[in-house]
Amino acid sequence: MLSEPFKIIFRRFVNRLTESGLLIISVALGVGALAAGGTLFINVINENNQVLNSPSYKEIVVSTREESDSMEVPVKEKLLNEDAILAQSDLDAAEMIPSISYSYIMNSTRLRMINEDFQEQANNFAPPEQNNESSSENGEEVVQPNNPQDRLDELLEDGFDSILSDNSIVLSDEDEISGYNVTSQFFDAWDIKAAAGSLFSSVDYNQTNSLVILGSEFAKTLIEDDEDVSSLIGKRMLALQGYQTIVGVLEETDTSYDYQFFSPYSDNTSSGEFSQIRRLSQNTQLRFSVSDSEDLDTVSQMLDQWFTSEYGEGQIIVTNPRVEAEQTVERNSGISILLLVLALSGLFISSVNISHILLSRTLRMKKHVGILMALGATKKNINLLFSIEALMIIVIGTVLGVLIAIPINTQMQSALELTISSNYMILISALASAILIYCFTIIPIRRFDRIKPADAMRIQ
Amino acid sequence: MINLENISKVYDLDETKVTALDKVSIHIDRGEYIAIMGPSGSGKSTLMHILGILDTASSGVYKLEGYDITTLADKEQARIRNKHFGFIFQSFNLFPELSALENVMLPMQYASVAVKKRRDRAAFLLDEVGLSHRMNHLPTMMSGGEQQRVAIARALSNEPDLILADEPTGNLPTDKGDEVMQILEKVNKTGVTIVMVTHNPNQGKRANRIINVRDGKIVENPKDVGAIYAK
Chain F
1126 MLSEPFKIIF RRFVNRLTES GLLIISVALG VGALAAGGTL FINVINENNQ
1176 VLNSPSYKEI VVSTREESDS MEVPVKEKLL NEDAILAQSD LDAAEMIPSI
1226 SYSYIMNSTR LRMINEDFQE QANNFAPPEQ NNESSSENGE EVVQPNNPQD
1276 RLDELLEDGF DSILSDNSIV LSDEDEISGY NVTSQFFDAW DIKAAAGSLF
1326 SSVDYNQTNS LVILGSEFAK TLIEDDEDVS SLIGKRMLAL QGYQTIVGVL
1376 EETDTSYDYQ FFSPYSDNTS SGEFSQIRRL SQNTQLRFSV SDSEDLDTVS
1426 QMLDQWFTSE YGEGQIIVTN PRVEAEQTVE RNSGISILLL VLALSGLFIS
1476 SVNISHILLS RTLRMKKHVG ILMALGATKK NINLLFSIEA LMIIVIGTVL
1526 GVLIAIPINT QMQSALELTI SSNYMILISA LASAILIYCF TIIPIRRFDR
1576 IKPADAMRIQ
Chain D
26 MINLENISKV YDLDETKVTA LDKVSIHIDR GEYIAIMGPS GSGKSTLMHI
76 LGILDTASSG VYKLEGYDIT TLADKEQARI RNKHFGFIFQ SFNLFPELSA
126 LENVMLPMQY ASVAVKKRRD RAAFLLDEVG LSHRMNHLPT MMSGGEQQRV
176 AIARALSNEP DLILADEPTG NLPTDKGDEV MQILEKVNKT GVTIVMVTHN
226 PNQGKRANRI INVRDGKIVE NPKDVGAIYA K
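Residue numbers (our numbering), protein chains in the order written: chain F, 1126 to 1585; chain D, 26 to 256.
Bound conformation, chain F alone:
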C-alpha cells in the first residue's frame, strides 16, 4: 500500500496525464533510439570480430579460372578448353611458404537421403532414357544414378520394411543434406574436434567406403531427445549415393557446419577423361590458411607466383576473401557508428527535454515540499519522492522504448545482413539509456536540497 506522500506523487502523475504521457514518450524515444543503435553497434563489433577471426578469412582460396568465372559452363566444355585441374598434390605449395599453417581441400557436396518420402516418390517415378554420365549442378557434386528406382532397388534388396527394422541404419527426415569433401587439415585449420566418435584417420582418406562425420545440429535430428549423439557412431545413413557410415559427430561450432556433414576427400586415382571430369565437376578449391592475417597479402602473392609457374598465366585464380570481408566490416562499422551517434544525440535531446519538464513539474511542487518538510519530511524524504516520480516515468518509458527498439533493431540487423542477433543487448542498452536519463533527472530531483521549509512555503 502506498504511503501518503507517494499517493501525492502518484495522483499528481495521473492528474497530469498529458504531461506525464509526453515525458514517458520522450523517455521511450530516447531509450528506443539508443537501445536500437547501441545494440546494432555492439552486434556489428561482435560480428566484425567473429568475421575477422574466422578461419574463413585467414585463408587464401585457390581455384581454376573457369570456376571463378562461371559455374554455368558445362563440365565437358571446361575439359576441352581447360588444362588446369587442381588436385591434392597442389597443396604441396604450402611447403614452400612457411607462414601457411594449414592447407586443405574443401569441396561442397550433397547427399540425397532415402526415407519413406523418397520411396513414395520413387514408386511414382517414370524412368527416362538411359544416361550413364554424371553431371554437375551448381558446381556441386551430384552423382546421378541411372534412375532412382534402379538405385533404390539396388540398395533395398531386402525391401524397405527390413531397413526400418534394422537398428544399424539411420533414416534422415531431410530430403537432401549439404556437406563437404575435405582433406585432413580442414579440421585442424578450423580447430574442430569430435564430440563423439572420431575424425577421419589417414586410412579413411584412401578407402572406398563412404564415411561421414556429422555436424552437431544435424546429428541431433537423427536421434531421439533422450539419446546421446554417440549412439550414432558406427550406424549407417541411407542415401541415394549408398550407405554412409557415421564415424564421428563434431562439437558445436556455431557455424553452418553444425547443420552439415563431412566426408573424406581423395583424388580419383584412375586416369583418363572420366577421372578429369569428376575432378572438374568437384570444382576443387584449395585453401591455404595462415595464423596471422597480416601475412595474407604476401602469401597470396607467393601462391599466385607458384600456381602461375605450374599452370601458366591466368589459369588459376588466387583470391583473398578477407579483402571483401574487411570492406564489409568497414562499411558496417561506419553505419553503426553513425547510427550510434544519432541515437546518442536523440537520447541527449530526450534527456534534456525530460530534465526540463521534470524541473518545471518539481518547481510547481515547491509549496508541497515546504508543507511536507513542516510536517516532518527530511530532504532525503523529498529527494526520494521525486526520485520515485522520475523512476516511474523512466521505467514505463524504458519498457515502451524496448518495444520500439526490437523491430527497429531487427530491420537494421537485416539491412546490414548481420548474423549475430542478441536481444539481451537491447535490454542492456535500454538499461544504460535509462540510467543516463536518470542522471539528467538528478538536477530536478535535488532542486530543493538547500531550500528551507519557510522559503518553500512562501510561494503562494
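Everything labelled a hint here was simulated from the structure, so no lab data went into it. Some hints could be false.
Said to hold, decoys possible - Mimicking BS3-like on lysine-lysine, the simulated pairs with C-alpha atoms at most 30 Å apart in a straight line are:
1. Lys108/D - Lys1132/F
2. Lys108/D - Lys141/D
3. Lys141/D - Lys1505/F
4. Lys48/D - Lys108/D
5. Lys1505/F - Lys142/D
6. Lys1577/F - Lys242/D
7. Lys211/D - Lys1491/F
8. Lys1504/F - Lys88/D
9. Lys1318/F - Lys1360/F
10. Lys1504/F - Lys142/D
11. Lys1577/F - Lys42/D
12. Lys230/D - Lys211/D
13. Lys242/D - Lys1360/F
14. Lys1132/F - Lys141/D
15. Lys1132/F - Lys1360/F
16. Lys141/D - Lys1504/F
17. Lys1504/F - Lys100/D
18. Lys201/D - Lys1492/F
19. Lys1505/F - Lys108/D
20. Lys108/D - Lys1504/F
21. Lys100/D - Lys1505/F
22. Lys1492/F - Lys242/D
23. Lys1492/F - Lys42/D
24. Lys108/D - Lys142/D
25. Lys1491/F - Lys108/D
26. Lys142/D - Lys1492/F
27. Lys1491/F - Lys100/D
28. Lys1505/F - Lys1577/F
Start from chain F and add chain D according to the hints.
For chain D alone, kept in the frame of chain F given last:
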C-alpha cells in the same frame, strides 16, 4: 520550554540587507497560550518560522527544553518538527491530492506509525473536530472552516508539545473563525502550548500572553500592549 536568545534574522535582497528580526529574546513555558501580534511586515511570521524551525536565525541561540537546536542537522530538525510541533496555516496548506483522512495520516507516516494505527488516530482526530462524515472527502470539496479543522487535526496527529498557528482564522468568516479558536483553546486546555500569530485583537485577548512585534523587535512596554489589547 523554549528560549530564544538574541535571535536576529537578516535577509539579503539585491545587495540590500533587510532585518526581519533584531535581537529578539522570548521565553515560552509549557502550556502557555501566546498570541504574537503586530502590523504587517513587523516580523511576526519570521518569528513564527524560526520558532517552528522552518527557518534558521542569522544569529542568536534557540533552546528547546534546554538544548541548543540552532544548528541542528536537517534530519534532527525534521524529527523535532514532526514529533514536537504542529503547524496550522492561514491558507490551510492541505494536500489537494489527499483525502481529509490521508492528510491527517501523513505526519504520522514520517513518525513511522503503522498504517492501521495512523488511520485509527486520524479518524479519531477528525471526529474530535467534527468531521467524521467528511473523512474521505478531498479538501477541494470542503469549506474553508472544514479545511482548517482538518489542518488542526493534522497538527495534532503526532501529539505535539507546541502548536504554531499562523493566522489560523485569517481566511475564515467570523463564525467559522470562532469555531477554530474554540478548538485551539480546547487543545490548549489539554496542556499543549499554543503560539498563534494574529491580526485580530479579539483573538489576541483570548490568549494568556501577547507578544507584540514591531520592526523586528519585541515591544518592551507592557503598558502599551495592555492599552491596545487590554483583556
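Review point. Within a Cα-Cα threshold of 30 Å, do Lys1505/F and Lys1577/F meet the stated pairing?
Key: 13 Å, holds
Review point. Given the hinted pair Lys108/D and Lys1132/F, is their alpha-carbon gap at most 30 Å?
Key: Holds, at roughly 22 Å.
Practice item. Take a quick look at whether Lys1505/F and Lys108/D sit within 30 Å of each other, Cα to Cα. Key: Distance ~18 Å between Lys1505/F and Lys108/D Cα, so the pair holds.
Point to revise | 30 Å limit on alpha-carbon distance, applied to hinted pair Lys1132/F and Lys1360/F | key: Violated - the C-alpha atoms of Lys1360/F and Lys1132/F are around 70 Å apart, more than 30 Å.
**Study point:** 30 Å Cα cutoff - pair Lys1577/F, Lys242/D
**Key:** 23 Å, holds
Check your understanding: Does Lys42/D lie within 30 Å of Lys1492/F when you go C-alpha to C-alpha?
Key -> With Cα atoms ~25 Å apart, Lys1492/F and Lys42/D stay inside 30 Å; holds.
Practice item. Would you mind confirming whether the straight-line C-alpha gap from Lys48/D to Lys108/D stays at or under 30 Å? Key: Holds. Lys48/D to Lys108/D sits at ~28 Å (cutoff 30 Å).
**Study point:** Given pair status - Lys1492/F, Lys201/D, alpha carbons within 30 Å
**Key:** Distance of about 25 Å is within 30 Å: holds.
Check your understanding: Taking 30 Å as the top limit, are the C-alpha atoms of Lys1492/F and Lys242/D close enough?
Key -> 28 Å, holds
Check your understanding: Lys141/D and Lys1504/F: Cα distance at most 30 Å?
Key -> 26 Å, holds
Practice item. Mind checking the alpha carbons of Lys1505/F and Lys142/D for me, to see if they're no more than 30 Å apart? Key: This hinted pair holds, its Cα atoms lying about 24 Å apart.
Exercise for review: Decide if the proposed pair is consistent with the structure: Lys108/D and Lys142/D, CA atoms, cutoff 30 Å inclusive.
Suggested key: Answer holds: Lys108/D to Lys142/D is near 16 Å, not above 30 Å.
The structure shown violates the earlier hints numbered 7, 13 and 15.
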